[in-house]
Structure formats: structure tokens, C-alpha cells
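Generate coordinates for the entire structure from the input sequences, incorporating the hints supplied.
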Amino acid sequence: MTAYLVRRFLLAIPVLLVTAFLVFMALHLSPGDPVDVIVGPIAPPEVRERIRVKLGLDKPLPIQFALYLSNIAQGDLGESILNRREVSEMIAQKLSVTAELGLTSFAITYLLGIPLGTVAALNRRSFFDWFTMVLALLGVSMPAFWLGLLLIYAFSVNLRWLPPTGYGDVRHLILPALALGLPYVGRVARITRSTMLEVIGQDYIRTARAKGITELFVVARHALRNSLIPIISLMGLDFGYILGGSVVIEHVFARAGIGDMILRSIYSRDFPVLQGCMFVLTVGIIVGNIMADMFYVVVDPRIRH
Amino acid sequence: MKESLLGAGPRHGRRLSVWGYLHRSPGAMIGLTLIALVLFTALTADVISPQGIDEQDLRKGFLQPGGPFLLGTDEFGRDLFSRIVYGARVSLEVGLTATVVSALAGVTLGVIAGYFGGRLDHVIQGMVDVSWAFPTVLMAIFLVAVFGPGLFNVMVAVGLVYWGGYARVVRGQVLSLREWEFVTAARAMGALDRRIILRHVLPNVLAPVIVMATLMMGDAILIEATLSFLGMGAQPPTPSWGSILADGRTYLTLAPWVSLFPGVAIMVTVLGFNLLGDGLRDALDPRLK
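Just so you know, the sequences run in chain order C and X. Here our numbering is used: the first residue of the first sequence is 1, the next is one more, and so on. Here our numbering is used: the first residue of the second sequence is 1, the next is one more, and so on.
Hint data in this document are derived by calculation from the structure and do not stem from the laboratory. Among the clues, some could well be false.
Claimed, not checked - Take a look, some chain C residues computed to stay more than 12 Å from chain X by CB distance: (1) Lys-211; (2) Arg-269; (3) Val-299.
Stated by the list, open to error - To give an idea of the interface, some chain X residues facing chain C are shown, with a C-beta separation under 8 Å as derived from the structure: (4) Val-130; (5) Ala-133; (6) Pro-135; (7) Ile-141; (8) Gly-148; (9) Ala-225; (10) Arg-249; (11) Leu-271.
Quick caveat: nothing in here was measured; it's all calculated off a predicted structure. A virtual CB, placed ideally from N, CA and C, is assigned to each residue, including glycine.
In C-alpha cells:
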């Protein structure tokens, strides 16, 4: 168990390094002189030189990257060009906004998807089964930002039940979380359905039924638990997709989180902020994946060996 | 000559059965119909759209759907129907280019990794793993932020995001193909690597690549729409479904149709590719299910 987890953490290191490298290279891959990217071509030479030295751009690339790594390791993500604030501090302030949205969407996806898929598997070829398939197809075909606008139009403009934009109490959270989480519900349901169908054909399920246990107990205790195993590895992946989707959804609902910060930094070409946010989001995704793997070990004792 | 006859026989029969399978799958036929509809719209845009892409008439701003303008007008009085019709071109062009480029790159690297193995395989595998570590939308947004906005950069970004998927699948296929007797036989007969790859390996990895490419067309169109919605893709006045939707967002209360219809267009198109992709997967390669 411990060895497994240690190996899992070690595996995350190369991904983290490559992420840092990609994020670091953003400034250099952007067309033109990095200093132009930051201050524009009309800045006086002494300002340009100051920025060049300050960002270490006068040093060779490998040294720059080493410096960047050592800064990240110390929690220093640089400062915003726009308002000179520490990027790490800006992110720390907004992290909870994005985390709240991400976790709620994640909960919506799985709390709806798993029961739907289970019911579909138990009623194969029924209307309900067909319904989850249509839901899954529509979910992967529909742009999340469009669903967001439809929700705003229905529940804010027409019914006036919920506020369209902003950040605050639970009422501000419902619509964006639905827009981000609903598209994945059908897919989770379909995967639950197919793993459930596989499990239900197994010998131990027949044995459980033969013992005379109620069907509900057979499903909940024996079938569902075993069919959850592939779902958990999917969770790690979905966590990343939901965090990625939050960029667009935060924009639609004007929620000032990390995603919204990424877009603003792109529009204002505030590279340190963009780089910092990308790095933090990727770390979040890696951590989410590791947590899914740990959960995996808890649910399926066979992996420990 | 003899060899090509042997090669052609079963493949020909298989193609017929694929069509037969697709023909009987209602989902795939619906998908095919939707794609045909969008393709027809894109090709005949000049004929079927009543207006150009940027014919403004401020006196006719925000006219409701129905009446003289089928889908209504936007804030500048531009015919929404015409803009959506032309938008089909943008979506298909970007989707197709990005998909073809990423498939070519992915298949080439996948074949190299699987066929030659060794250090090259490790390097390519590592690149694939890294490209898969990031959510596609986030990666595409980041890349376009770095390269700058515009449809060309969107195509590049989508291509860079998706090549790894092809490479991974193709590599796996090639690895198992390498052990097959017909490949060993070809090599024993003195065939060069290039000939083996082109005549024996590539035709056999085509099926999963076609399935993936069809499904990824849908994804690529969604990403283009997303980036254009965020103002990083199509620049005005080019009508991309994503950017029309973004325009409508500001006037959601006043003119909801400006946001509604482009979304329907995106969904119908992406749904078409997903349905066809699923149908092709079932027909060509049951193992991918």
C-alpha cells in the first residue's frame, strides 16, 4: 500500500516538471520579444532593460528555467504585470471560488450519473435505458457554455428564481455547477451501466441471489460496489475536465475564480498570472488523479498486492 | 500481383459489411444525415443564404425570428440565418483541418513508435503521456493564448491537443500486428520496412483511426466554438457559431434567439459526428466498444 502510493507520487514528478516547462516556455513561444509581450514595443529602453534583468531574461534559457523551478518550489509565482500583486496571493484568494464550483459539479455528475446508470442496467432495453443513452449523447455534443446561457435564460431571466451571475451564497452556485456537471451525467451513467451489466453476469451475484438475499441488497452490496471500480479511475480524469471546463463556465456566469483569472490574464497579456494559474490548475488535476488512485486502493483491496 | 489480390479480397468484403452494418444502425444513419445536411449547408452557403455575412442595417436590429428573417436579426440588423449558414463553413473547415493534421501526425508517430520500438518509442510515449495529462479545453486555451488569437492558431492548438490519442491507439495496434504471420512472412520475403508499413501495417490500423477521427471531428468543432466564444478564435466579422453565441450573450434578455440558434447548430453538427463515430466503431471494430 505505502509502496504503491510512493510510486504514484513519484510518477507525478515528471508530469509536474513538464508542466512547469510548458508554462515557463509560454512567454518564449509567444511571437516576438518577451519584453515586447510584457510592456509593448514603445516602452523606453531603460524600462525594457529593467524588466529583462528582473525576469532573468538576460540569462541563458536553461538557467532561466532552473530559476523558475526554484521560485515555484518556494511558492513564488512572480508578480502581475498589471497591478504588481503577487500571483500566488491572487490565486490563493480565488482558489476557493473555483474549488467550490468544481467540487459541486463533480458531486452533481456522480450523484446523478451512478444511480441513473444502475437503474438503466437493471432495466435493460427499457425506455429509461434509452433515455440515459440520449442524455449521454446530448451531453457530449452540447457546448457547456451554451447550456449555461440556456439555464440563465430559463431560471434567471424568465422564472427569476436564481441570480444569473456573480459569486456569493448557494444560489449563485446552482446554475454554474449544473452547467458544468450535467453534460457528464449521461456519460457516467453509460459507463456505470456497462460495468454493472458485466458484474451482474458474474457467479458471485448468482450465488448471492441463490442465498435468498433481497434484490436491493444484491445490487447495493455486491453489484454496485464492484462496478464502481472502473468508475473511480474515470473520476480522476473527469476531475481534470471539470477544472478545465470551469474556465469557460466562470466566464459565462461572471464568477471571479481561477478560470476567470486565466481569461482576464490572456486578454490583458498578463503572462505571470496566466502562467501561475495554469500551473496551479495542473497541480490540482494531478492531485485529483492521485486522490482517485488512493480511493481506488481503498475500494479494491486486490490492488494493494 | 498475387499478393495484392489476396489483400484486396477480404478487405473488399469487409467494406461491404461495414456499410451494411451502418445501414442497419439507426443512430449512424441519423448521424450521417445530420452531417450531410451541415455539409450541404456549408457547400451551398452562397446560394441558400439570403444575405452576406456582414450586411448591416441598424434599423432592422433585433428583429424576432419568423417574418422576413427566418431566425431573426442581431444587434446590427444582420440576418442570423445567413450568418449561421456561413458559420457551418468555419466549423467544418477548422474541424476537418485540425482532425486531418492531428491524425496524420499521430498515426505517423504511432507507427514509428510501435514498429521500430526502442528509445524512439520511449520518447514518443512520454510525449503522449504528457499531452494526455491536461484537459483538452484548458490546453487549447493555453496554446491559443501563447500563439495569439485566430482560426489558424485554433487549428494548430486542436491538432497539438489531439495527436496523442491517435499515436497511442496506432502504436498498440502496430505492436500486435508486428507479431502476425503475414508481417513476418513479408519480412522473410525480403520486403523493406517502408513496404511492410505501407502495404501491411497501415491498412490494418485504418479502422480505429477512422473511428477516432470521426469522434474527434465533433470534439474539434466544440473546441473551436469554445475558443471563438471566448474571443480567441474567429475574429469579427467572420461568423463562427461560437462568436455569434458570444455576441448574443450580451443581449440574452432582449434577443435570446441570437444565442439559441448557433448553439443548436453546434449541437446538431457535433451530435452527427458522435452518432456516426459510434456507429462506425460498432461496425469496424467491436473491440473498441
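Going down the list of hints, with the structure as the test:
no.: 1; hint: Lys-211; result: holds (33 Å)
no.: 2; hint: Arg-269; result: violated (9 Å)
no.: 3; hint: Val-299; result: holds (24 Å)
no.: 4; hint: Val-130; result: holds (5 Å)
no.: 5; hint: Ala-133; result: holds (5 Å)
no.: 6; hint: Pro-135; result: holds (3 Å)
no.: 7; hint: Ile-141; result: holds (6 Å)
no.: 8; hint: Gly-148; result: holds (6 Å)
no.: 9; hint: Ala-225; result: holds (5 Å)
no.: 10; hint: Arg-249; result: holds (6 Å)
no.: 11; hint: Leu-271; result: holds (4 Å)
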